[in-house]
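Turn these sequences into a full structure, and let the hints steer you where they fit.
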Amino acid sequence: MHQTSTIEPQSTTTHAKIAIIGSGFAGLGLAIQLRRRGESDFIVLERADDVGGTWRDNTYPGAACDIQSHLYSFSFRPNPDWSRVYATQPEIHAYLREASIDEGVQPHINFGAELLSCTWQARAAHWALETSAGSFTADFVVTAAGHLSDPKLPNITGLEKFERPMFHSARWDHSFKREGKSIGVIGSGASGIQIVPELAKTAGQLTVFQRSAPYIIPRVDHAYTTAQKSMFRRMPETAQALRDELFWGNEARFPQRRGIADFIAKIETTALDHLAAQVPEGELRDKLTPDYMIGCKRILISNDYYPAFLRDNVALETSGIVEVRERSIITNDGEIELDALVLGTGFEAADLPITHRIFDENGRSMAESWTSGGAAYACSTVAGYPNLFIMNGPNSGLGAGSIIYVVESQIQYILGALEFMDSTGASTIEIPQQAQDNFVAAIDERAADTVWLNGGCYSWSVDHRYGRLTTVWPDFMTRFRRESGRFKPDEYLVDGKLVDGPRRLESVSV
Amino acid sequence: MVTNLTEPRQSAWHADGTLHEPLLIEPTGYVEHAGRVIPIYDSGNETSTATIVLVHGSSGSARGSFWAVYPILTFTRRVVAFDLQLPADDADLTLADAVAQLRAVVDHASGEGPVALVGYSFGAVVAAAYASERPPAVASLSLVAGWSKTDRYQLLRNNLWLRLHDADPEALCQLTLLMAYSAGFLVGRNERDWRELQQAAAARPYPVQIMRLNRDIDIELGLSRIDVPTLVIGCRYDDMVPLHHSRMLFGAIADARYLEIESGHAVSVERPAELAVVVDDFSLDPHEHPAGTIIRNDHA
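Protein sequences, first through last, are from chains A and B.
For the first sequence, position 286 (counting from the first letter as 1) is numbered 286 according to the numbering used here, and the numbering increases by one without interruption.
For the second sequence, position 44 (counting from the first letter as 1) is numbered 44 according to the numbering used here, and the numbering increases by one without interruption.
None of these hints come from the bench; they were simulated from the model.
These numbers come from a predicted model, not from an experiment.
Treat the hints with care, as some may be off.
List of simulated lysine to aspartate or glutamate pairs, EDC-like, C-alpha gap at most 16 Å [claimed, not checked]:
#: 1; chain 1: B; residue 1: Lys149; chain 2: B; residue 2: Glu220
#: 2; chain 1: A; residue 1: Lys181; chain 2: A; residue 2: Glu198
#: 3; chain 1: A; residue 1: Lys229; chain 2: A; residue 2: Asp81
#: 4; chain 1: A; residue 1: Lys266; chain 2: B; residue 2: Glu21
#: 5; chain 1: A; residue 1: Lys266; chain 2: B; residue 2: Glu196
#: 6; chain 1: A; residue 1: Lys266; chain 2: B; residue 2: Asp193
#: 7; chain 1: A; residue 1: Lys152; chain 2: A; residue 2: Glu348
#: 8; chain 1: A; residue 1: Lys177; chain 2: A; residue 2: Asp339
#: 9; chain 1: A; residue 1: Lys266; chain 2: B; residue 2: Glu191
#: 10; chain 1: A; residue 1: Lys161; chain 2: A; residue 2: Asp339
#: 11; chain 1: A; residue 1: Lys181; chain 2: A; residue 2: Asp339
#: 12; chain 1: A; residue 1: Lys287; chain 2: A; residue 2: Asp333
Have a look at this one:
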């Protein structure tokens, strides 16, 4: 998955001041803000044929967001018309598509342009980008490729031998007719638990292969009434107040991740009572009871996942997969014949694929430069890679909260940096290794006290090659914005020199 | 797996992955004052910034006011809380007595340097009264939902509270819920959380001695003597200590800045993370905003 594709780049080269990789929430958000500031010298490179990132790709039955819509949307593009507390995939995708059109971003997007390589040219002081749709150069590059963009396939013997329909949840095959079929679902994470209740309705037999039971809490969801939507439209401050309330409600979940006993007890009881209310005592409930501390893996929300297992046509398989054969899965308990296999096995979040395609002037990839896992100053810039900003890169995910808040913090940071570079007329900006190391050490120190590293689970938040928490931010979202949401030039090398004296820049607000 | 919550605290986590016990239940030590023993809760962690001392409100206990806020503050610094001791035999509590107990706790907690004093509700009154003595052991002051002089509106509620306390515990519980929480918060709880709120209000009525003392508060004269940087936090939908009190504190204290949180009086329950983050930021750098600043938290 990490090999550079062999598609031949075209020969023409286009230059832009800024190149943004990806047109999901992060890339679109930055592009919108650039447009609103009157910046037109930028391009967006998008490998697919539409905007939306994760919300374009994940079209599986039941796909919906686990963060409330009024918080999981741009603060600068509020939407009074969200249909319900937790929006479904089509609605979020439509929101992003509409934003890209309304804000005039579409003309900047190169669709079908998959980034093959992105290499720093020291002499020219710009980046050379090779894509499946031609060559580009750019003074600045922003990677907005996301954490949840490249499907992760399970490492199971014989998986490639399966000869019947098999697809990852983020690559759903809509031509597949699931009625009456015997279907297997591997994985019981955020995608799996949304897919299972949908498939259960019509499948002949549904088998869920679970390695580790997730904690699940009730989904407190309802449709917004016409009156509520009209109130949000007529009085935007009511939607803002709701957004603030949701934000601080999510912030108040973070102490769970730090293992604070009162917070853990409350959320654990909520989850286990939910299980007990929906599944009678016995073997099934035992299998669905997690064996690690709550929060170590993502806490899921669902009202219809547990009840699906009470149906006659649904089975939970926990004995462990031995191998996959042409038409079946062999478990430690026997053989299960399948007409189709769905892989709800998540994404490459720790070893980010995009970082294998970014090269310094000596041809070393960013992934190689990370000798102990993902690391960035202000969660944005990497030593050795000047004029480049990562969105949703190292330690930018969340265990409790809305990633849109992180995205907007990073937009603010990047705009501040670009504004600073404009004001100085300098051509390169780079973070020294030492400043990056200090920043990362302060993250590692906080990470050491979190449930992700202490909770006794195998979490995708951790880069297991190094035992470091590299994917999520181990503190409050507010702290992320305080530390990484406002550009400060003090520690950077600008045109190779540290900026003289303490230099204060007005913050740029989005 | 049900998490083991009963082992004694050694660090945030035990080697076997289990957690320490809930905080603010078992005191970590005691401070003696005038023949009385004041239980304290000292997080004990090393800190390069000022230790925070928390003064609880009319609920009568550190846990009642700070069960959610105290642990968050310990992420970055040492925090000391204590349970105010009430006179025996239902004798009246005086403000001077409460201040004396606070002074004893601060003297104990300030070994490493001056502390960041944080008072909530009635605790803000005690903290402000103490700060007006210009104690050298205090570096900064945060007054959350506090007041300086009890007014007619508060007396009306207090009258009702005292009558129901003696006559109708169930109605008392409802009055407390009405007054402590914002309407939006109460309406927004799911059934489970609503039940818990009711149970908590019924299980722990405020101590009568504090409620009696609340009737006669007047510390206005002392406010002008407070000379440490102060953060006044008012709660927008506070029906117990309405917002005008915090605004008056902001006006009265020379080196004060002001911030409003969109919550009812029970801000430590409605917005624990916001309160803790704001107090933590201020205590870290009390002069970040000059005196007279109205601080506005960013919208999310």
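Results for each hint:
1. B:Lys149 to B:Glu220: Holds - the C-alpha atoms of Glu220 (chain B) and Lys149 (chain B) are around 7 Å apart, at most 16 Å.
2. A:Lys181 to A:Glu198: With Cα atoms ~13 Å apart, Lys181 (chain A) and Glu198 (chain A) stay inside 16 Å; holds.
3. A:Lys229 to A:Asp81: holds (5 Å)
4. A:Lys266 to B:Glu21: holds (13 Å)
5. A:Lys266 to B:Glu196: Satisfied, since the Cα-Cα distance of roughly 11 Å is no more than 16 Å.
6. A:Lys266 to B:Asp193: Holds: Lys266 (chain A) and Asp193 (chain B) sit about 10 Å apart, inside 16 Å.
7. A:Lys152 to A:Glu348: holds (5 Å)
8. A:Lys177 to A:Asp339: holds (10 Å)
9. A:Lys266 to B:Glu191: holds (14 Å)
10. A:Lys161 to A:Asp339: holds (14 Å)
11. A:Lys181 to A:Asp339: Holds. Lys181 (chain A) to Asp339 (chain A) sits at ~6 Å (cutoff 16 Å).
12. A:Lys287 to A:Asp333: At roughly 15 Å apart (the allowed maximum being 16 Å), Asp333 (chain A) and Lys287 (chain A) satisfy the hint.
Of the numbered hints given earlier, the model fails none.
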